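Listed below are the residues making up each chain.
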Amino acid sequence: MSNRFEVVGIRPLPEQPVQKEKWYRGKPLFSAALLALIVLGCLGCRLLITVDPTYMDLSRCSVPPSRQFLFGTDTMGRDIFSMIWYGGRLSLFIGLAATAISTAIAILFGAASGCAPNWLDALLMRLTEILLSIPGLLLIVLLQAILGRANVLSISLVIGVTGWTGMAKIIRTEVRQIRSSEYVLASRCMGGGFFHILWRHLTPNFVSSIMFMVVMNVRTAIAAESTLSFMGIGLPLEVVTWGSMLSLSEKALLSRAWWIILIPGLFLVVTLLCITSLGNYLRKTVNRKQSNL
Amino acid sequence: MKRNRMVYYGEKILVFILSVFLLSLAVFYVSRLAPGDPLVSYYGDRVEKMSPQERAWAEDRLGLNAPIHVQYARWLRDAFQGDFGISYKYKMDVVEVISGRIGNTLLLGGTGFLLIFALSLLLGVLCAWYEDRPLDRIVCKIGTAVSCIPEFWLALVFILLFAVSLGWLPSSGAYSVGKSGDWGDRLHHLILPLSIVVINHLWYYAYMVRNRILEEVRADYVLLAKSKGLTKKRIMFRHCLRSAIPSYLSIMAVSVPHVLGGTYIVEAVFSYPGLGTLSYESARYKDYNLLMLLCILSGVLVILCSMAAQIINERIDPRVRGQEETSEVTKL
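Top to bottom, those sequences are chains A and B. When we follow our numbering, the leftmost residue of the first sequence carries the number 160, and every step to the right adds one. When we follow our numbering, the leftmost residue of the second sequence carries the number 281, and every step to the right adds one.
Chain A on its own, in the form it takes in the complex (with noise of 0.2 angstroms):
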C-alpha cells in the first residue's frame, strides 16, 4: 500500500557536468597584475635605478636606445629608464592625492546638498550643474596657467578643487534616498551630529556607487598632470614625472628622437588603461535580459 501513487514515464536525466567557475573569470586580473608591477616599480625605483635620473649629462644628449641606456637618454642627457621609475611615483601619488581631494570634496558638498532643505538643495545642484558643463581639462588648463608655476602639491589641489561635480550629484541622489530611514533618523534622535551620521551611517551606503567613479578620478588626475606639464605650465623640467618627461618632445620631435616622446608616453597610456580597467570592473554590472530583435 505504500506505493500507491506510483510515478511513471520519469526521464532518467543525464547528470549535467557542472561548469566549475572559474574565481578569475570575468575580473582583470591581467591589468591588475600589470598596475602592481609599474606601482611596484615606482615604489621600489632605488633598487632598479641605474644612474641618478636628475643627473644632466649634456655630452650624452638623445642617445637612442642602447645597453648602457635601456630606453635612451633625453634631450638634457638624462637616463629615460630611471626617470620613467623614479617619475612615476609622483605622477602617481599626485593622480592619488588629487582624487583624495576632490573625493572629499564631493562627499562633503554632496551629502550637505542631499541633507539640505528643498530650495537651498536646488541651488547648490545649478551650481554642480554649471560647473559639470565646463570641461574639466580646459578649466584645470586655464586656472593653472593664470596661477602660474606650479609644485606638487598645488597642481593637485587644482586637479582636485575641479573634479569633484559628478561625484557629487551622484552621493546628493544617494543620501536623499537614505537620509529619512529608519537609522538616520534614530542616530540623529540620539544626538548624532552631521559629521557623524555622514561617517558612520551614509559613507558606507554610498561607498559603493562612488568607487568606479573614484578610480576613474585617479586618471582623469594623472592625464591632467601630464597635459599641464606637456604644455609647460605644470612642474617644472626639474622635477620629474611622466608629463614633464613628455614637455621636451618638440625639441624631440625635432631630432626626429622617437624614444623621448614613445615610452615615457606608453608607460602613461599603459597605466591609465589599467586603471580605466579596474574602474569598469567596479562598475556596476548590468545584467541584461535577451534581445527582442
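Quick caveat, the hints were computed from the structure, so don't treat them as lab data. For clarity, every value in this text was computed on a predicted model and none was experimentally measured. Any given hint could be a false lead.
[What the hints assert, rightly or not] DEER-style ranges, computed between Cβ atoms:
#1 A/290 x B/292: 15 to 23 angstroms
#2 A/207 x B/397: 40 to 48 angstroms
#3 A/363 x B/380: 32 to 40 angstroms
#4 B/462 x A/217: 54 to 62 angstroms
[Unchecked claim] Far from chain A, some chain B residues (derived; all Cβ distances over 12 angstroms):
#5 331
#6 338
#7 342
#8 380
#9 387
#10 414
#11 428
#12 440
#13 504
#14 525
#15 548
No residue lacks a Cβ here, since even glycine has one placed at the ideal position from N, Cα and C.
Please arrange chain B on chain A, whose structure you already have, making use of the hints.
Coordinates of chain B only, in the frame set by chain A:
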C-alpha cells in the same frame, strides 16, 4: 498657457544673464588676484628696467592701479558700450584680435563636431547591430583603449608618424606662409588636428548611442513589430533609432563645449592659430581684457548649449519640466 510660456522663457533669460555676470566677476577676480605681471605682456622685457615712476605711469595708463571692484565696474560700463578694451600683447582692440582667429577655431571645432556627430551614430548603430559578436567586442575594446589616451600624446604620436617620419602632412599651423587664402592648403593642415579631435571624442558618444539602442531593442514594441513580420533592418532604423535620437541630440548639445575644450588642447599642440592658443597665451601672460572676452565667449557657449539640452529634454519628456533634474553626462 501663453503667459506660462512667457514666464518660462523669461526665467531662462534671467538665469542666462545672471550666469554670464557671475562668470565675468569670477574670471575678473581670479585673474587679477593671481600672481603675475600684466605689464610684461605689454612692454615686454623693458619692464625690468622701469623706474617706479614709469611703472606707476604705465599702470595708470592701463587702468591697473585702481582697486579691483572699481576696475570691474569700469570694465562692465565699457563692455555695455561694446568696448572690451585692448589686448596688452597685440595692442589692438580685443574684438579685432579674436575675430581674426575665430574662423580657424570654428572650422576645426565645427567640422570636428559634425564628424563626431555622424560617425558616433554610425559606430553606435554598428555595435548595437552586432551586439556581443566579435565585431562589437573588438570595437568596444579598441574604443575604451583609445579614449584612455591623453589627447596631447595622441597628437604627438600622429605628428611623429605622419609629419616627421612619413612627411605626408604638415605638423603645425593652419596654413603655409603666404597661402592663407588657399583652401586646399588649409585642408591639408586641418587633417591632423581634426583627426585627433574626432578620435579622442568619438568613442564616448558612440558608446552612448550603442547603449541607448540596446535599451531600445529590448522594449516590447520591438516584439510587436517583429511579430508583424517587419525585417530586422526596418525595426532597427525605423523604430529603435528613431526613438533613440532625441536623447542623443540632447547629449550632443551638452557635448559642444567638451568638443570645443578638446579643440583648445589640440590647437595648443599643433600651434594652430585659433582661440585655444589665444586663451592659453592670454591666461599665461595676464592679458586681462583678452582673457575676459575669451572666457565670456566660451561661457556663453557652454550655457547656451546646456540650455538647449534642457529644452530638448523637456520637449521629449514633458515630465522633466517640473523637476530640477536634467540630463546628466557622466564621464566614461
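Closest CB-CB distance from residue 525 of chain B to chain A, is it above 12 angstroms?
Fine: 17 angstroms to the nearest Cβ keeps residue 525 of chain B off the interface.
Determine whether the Cβ-Cβ distance between residue 363 of chain A and residue 380 of chain B falls within the hinted range of 32 to 40 angstroms.
57 angstroms, violated
Does residue 331 of chain B clear chain A by more than 12 angstroms, comparing its Cβ with all Cβ atoms of that chain?
25 angstroms, holds
Residue 428 of chain B non-interfacial with respect to chain A [C-beta, more than 12 angstroms]
Residue 428 of chain B not clear of chain A: closest Cβ-Cβ about 5 angstroms, inside 12 angstroms.
Are all C-beta atoms of chain A more than 12 angstroms from that of residue 342 of chain B?
Non-interface label stands for residue 342 of chain B: nearest chain A Cβ at 18 angstroms, farther than 12 angstroms.
Just double-check residue 380 of chain B for me: nearest Cβ-Cβ distance to chain A has to come out over 12 angstroms.
21 angstroms, holds
So does residue 462 of chain B sit 54 to 62 angstroms from residue 217 of chain A, Cβ to Cβ?
43 angstroms Cβ-Cβ, so the 54 to 62 angstroms window is violated.
Just checking, residue 338 of chain B versus chain A, shortest CB gap more than 12 angstroms?
Since the minimum Cβ distance to chain A is about 21 angstroms, residue 338 of chain B lies beyond 12 angstroms and the statement holds.
Residue 504 of chain B non-interfacial with respect to chain A [C-beta, more than 12 angstroms]:
The claim is violated: residue 504 of chain B sits with its nearest Cβ about 9 angstroms from chain A, within 12 angstroms.
Consistency of the no-contact label for residue 548 of chain B, given chain A and a CB cut of 12 angstroms:
Given a closest Cβ separation of 6 angstroms, the condition is violated.
Does the claim that residue 414 of chain B lies off the interface hold, with its Cβ farther than 12 angstroms from every Cβ of chain A?
Given that every Cβ of chain A is farther than 12 angstroms from that of residue 414 of chain B, nearest at about 17 angstroms, it holds.
Using the beta carbons of residue 207 of chain A and residue 397 of chain B, state whether their distance is inside 40 to 48 angstroms or not.
47 angstroms, holds
Hints 3, 4, 11, 12, 13, 15 from the list above are not met by this structure, while the remaining hints are.
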